[in-house]
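Q: What follows is the residue order along each chain.
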Amino acid sequence: KNQVEQSPQSLIILEGKNCTLQCNYTVSPFSNLRWYKQDTGRGPVSLTIMTFSENTKSNGRYTATLDADTKQSSLHITASQLSDSASYICVVSAQNSGYALNFGKGTSLLVTP
Amino acid sequence: KAGVTQTPRYLIKTRGQQVTLSCSPISGHRSVSWYQQTPGQGLQFLFEYFSETQRNKGNFPGRFSGRQFSNSRSEMNVSTLELGDSALYLCASSSGTADYGYTFGSGTRLTVV
Numbered sequence: 001k002n003q004v005e006q007s008p009q010s011l012i013i014l015e016g017k018n019c020t021l022q023c024n025y026t027v028s029p030f031s032n033l034r035w036y037k038q039d040t041g042r043g044p045v046s047l048t049i050m051t052f053s054e055n056t057k058s059n060g061r062y063t064a065t066l067d068a069d070t071k072q073s074s075l076h077i078t079a080s081q082l083s084d085s086a087s088y089i090c091v092v093s094a095q096n097s098g099y100a101l102n103f104g105k106g107t108s109l110l111v112t113p
Numbered sequence: 001k002a003g004v005t006q007t008p009r010y011l012i013k014t015r016g017q018q019v020t021l022s023c024s025p026i027s028g029h030r031s032v033s034w035y036q037q038t039p040g041q042g043l044q045f046l047f048e049y050f051s052e053t054q055r056n057k058g059n060f061p062g063r064f065s066g067r068q069f070s071n072s073r074s075e076m077n078v079s080t081l082e083l084g085d086s087a088l089y090l091c092a093s094s095s096g097t098a099d100y101g102y103t104f105g106s107g108t109r110l111t112v113v
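Chains A and B, in that order, are what the protein sequence lines are. Position 4 of the first sequence, counting from 1, maps to 4 under the numbering used here, and the rest follow consecutively. Position 24 of the second sequence, counting from 1, maps to 24 under the numbering used here, and the rest follow consecutively.
It is possible that some hints are incorrect.
Cross-link-like lysine-lysine pairs, in silico, DSS-like; alpha carbons within 25 Å at most [to be verified]:
#, chain 1, residue 1, chain 2, residue 2
1, A, Lys17, A, Lys1
2, A, Lys1, B, Lys57
3, A, Lys1, A, Lys105
4, A, Lys57, A, Lys105
5, A, Lys57, A, Lys17
6, B, Lys57, A, Lys105
Bear in mind the hints are in silico, worked out from the structure with no lab data behind them.
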């Protein structure tokens with residue numbers, strides 16, 4: 001069964017600090033992995049998309065890494081800002097899924113002043 | 001270009017009623033997929049439509065149905081509403097081909113009382 005597990009479930013950090021969110025998956029055969037940011041009551045917004053051959057991708061202060069061998073990904077946020085407070089969702093799709101997506105339950109991040 | 005538009009944004013229905021939600025994808029996108037998001041379960045895939053045909057379906061009961069029109073706009077219908085159907089319903093738009101970009105709408109918040 002295709003599964004996506006994220007950790008931690010929630011995280012509180014001080015403004016300006018860095019943090020790393022984790023995503024482990026069992027989706028096979030792997031097609032691509034995406035990280036989304038979802039503000040409360042809004043739809044998810046794509047941060048990064050990585051395919052099998054990519055092991056790191058950045059989007060401003062967000063850097064995602066992918067280890068396809070261990071089936072792990074991380075999202076590193078540098079110099080956090082209050083606006084980074086949101087839920088971060090890891091989404092993995094399989095090659096034969098017909099574009100159906102496998103979602104993690106997300107990490108809820110709170111950045112405090 | 002305009003994003004993904006979901007209407008209505010909020011909806012309150014009584015148990016046993018039915019409801020229809022609408023999603024207008026990004027111009028040129030032919031794939032629309034629907035998701036249910038609840039605090040306990042996270043995002044769960046309902047179904048995906050591509051060129052007016054249902055291409056994939058998740059594990060939801062038959063009370064959940066959808067359709068797509070020739071202009072790619074999609075509707076989702078839920079009949080005989082239950083309290084547990086209260087959720088944020090999101091749709092995502094994609095070209096439906098090798099482009100792995102999905103753009104989400106802001107969602108419809110459905111409350112069943």
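Q: For each hint, tell me whether it holds in the structure or not.
A: Hint check results:
{"no.": "1", "hint": "Lys17(A) <-> Lys1(A)", "verdict": "violated (36 Å)"}
{"no.": "2", "hint": "Lys1(A) <-> Lys57(B)", "verdict": "holds (16 Å)"}
{"no.": "3", "hint": "Lys1(A) <-> Lys105(A)", "verdict": "holds (16 Å)"}
{"no.": "4", "hint": "Lys57(A) <-> Lys105(A)", "verdict": "holds (22 Å)"}
{"no.": "5", "hint": "Lys57(A) <-> Lys17(A)", "verdict": "holds (20 Å)"}
{"no.": "6", "hint": "Lys57(B) <-> Lys105(A)", "verdict": "holds (20 Å)"}
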